[in-house]
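**Q** For the sequence shown, my numbering begins at -6 and goes up steadily by one.
Hints are computed from structural coordinates only; laboratory data are not their basis.
Incorrect hints may appear among the rest.
[Claimed, not checked] Derived DSBU-like pairs (lysine-lysine); straight-line CA-CA distance at most 30 angstroms:
id : residue 1 : residue 2
1  : K197      : K54
2  : K123      : K54
3  : K123      : K197
Bear in mind the structure is a predicted one, so any value in this text is a computation, not a measurement.
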Amino acid sequence: MIVKESFINSIKKMTTWHRRFILLALINGVLIVTLFVFLLLTPPVSDALPDPTYQEELGAKFTVETTKSDLNDLINTYINQVLKTNQANFDVIVDNDIQLNGELYAFGVPIPLRVTMDPVVMDNGDIVLKMNTLSLGLLDLPRGRILHYINRQVETPDWLYFDSENEQIYLAVTSIEIDSNLRFRVDALDLSTDSIIFTFTVPKSGVDTTTNE
-6 MIVKESFINS IKKMTTWHRR FILLALINGV LIVTLFVFLL LTPPVSDALP DPTYQEELGA
54 KFTVETTKSD LNDLINTYIN QVLKTNQANF DVIVDNDIQL NGELYAFGVP IPLRVTMDPV
114 VMDNGDIVLK MNTLSLGLLD LPRGRILHYI NRQVETPDWL YFDSENEQIY LAVTSIEIDS
174 NLRFRVDALD LSTDSIIFTF TVPKSGVDTT TNE
C-alpha cells in the first residue's frame, strides 16, 4: 500500500513535459515491437526476375569509362526520382562497396536504414547488388525479411527487382529507356580498381526524333 501511494505521488510530481516524454517513449516502443512482430510473421517473397540472357542489339556502339566519384554524383542526382516514396529518404555512397544510408518511416516513426552491397556484373550487362550488411534500426532480423519490407514500402521502377529470398537486388539496366532511344549495358564495375565501363548503343533504326528535350 505504501509503495502504491509513493508511486502515485511520484507521478503527480512529474511535470507535463515528463509525462508526455514517457508517453511518447511508450508509444514508440509499442510501434517498434509491432513492426518487429510484423516482419517476423511476413516471409520474404522475391519479385519475378527477368531473363538474364544476353541479346546483341544492332547499332552504333560507344564505350564510356567513368569513375566512382562521377557514378556517385549520378546516382544521388536521380535516386529520389527512381525510388518514389514519402515513406523513406536515401543517400548512396560509392566507395569500395555501395552503401545506402537513410530512414524508413513506420507508423510515422523514422527508423535508420543502412545497407552495404557488392555489385556483380551479369553477362548480359545487368547488375546484381549482393547484400553485405543490412540493418533496420536496432532490429536483429534476417536480411531477406528487411528487403521484403523495403520492397513493400518503396515504389520502384520496372527495371529494379528485389530478390529477397537470395538477399540481393537485380538491376535490369539493359531495360532502362533513355531519351533519344539509346540503350546501355554495364561492361565492368570494379570498385576496387575504379574501373567502371558502360557501352551505349544507338539502334540501327536511329534516334527517336519525337523525344522532347
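**Q** With reference to the structure, classify each hint as holding or not holding.
**A** Against the structure, the hints:
The straight-line distance between the Cα atoms of K197 and K54 is roughly 10 angstroms, inside the 30 angstroms bound, and the hint therefore holds. Proposed proximity of K123 and K54 is supported: the alpha carbons are some 29 angstroms apart, at most 30 angstroms. About 35 angstroms separates the Cα atoms of K123 and K197, which puts this hinted pair outside 30 angstroms; it is violated.
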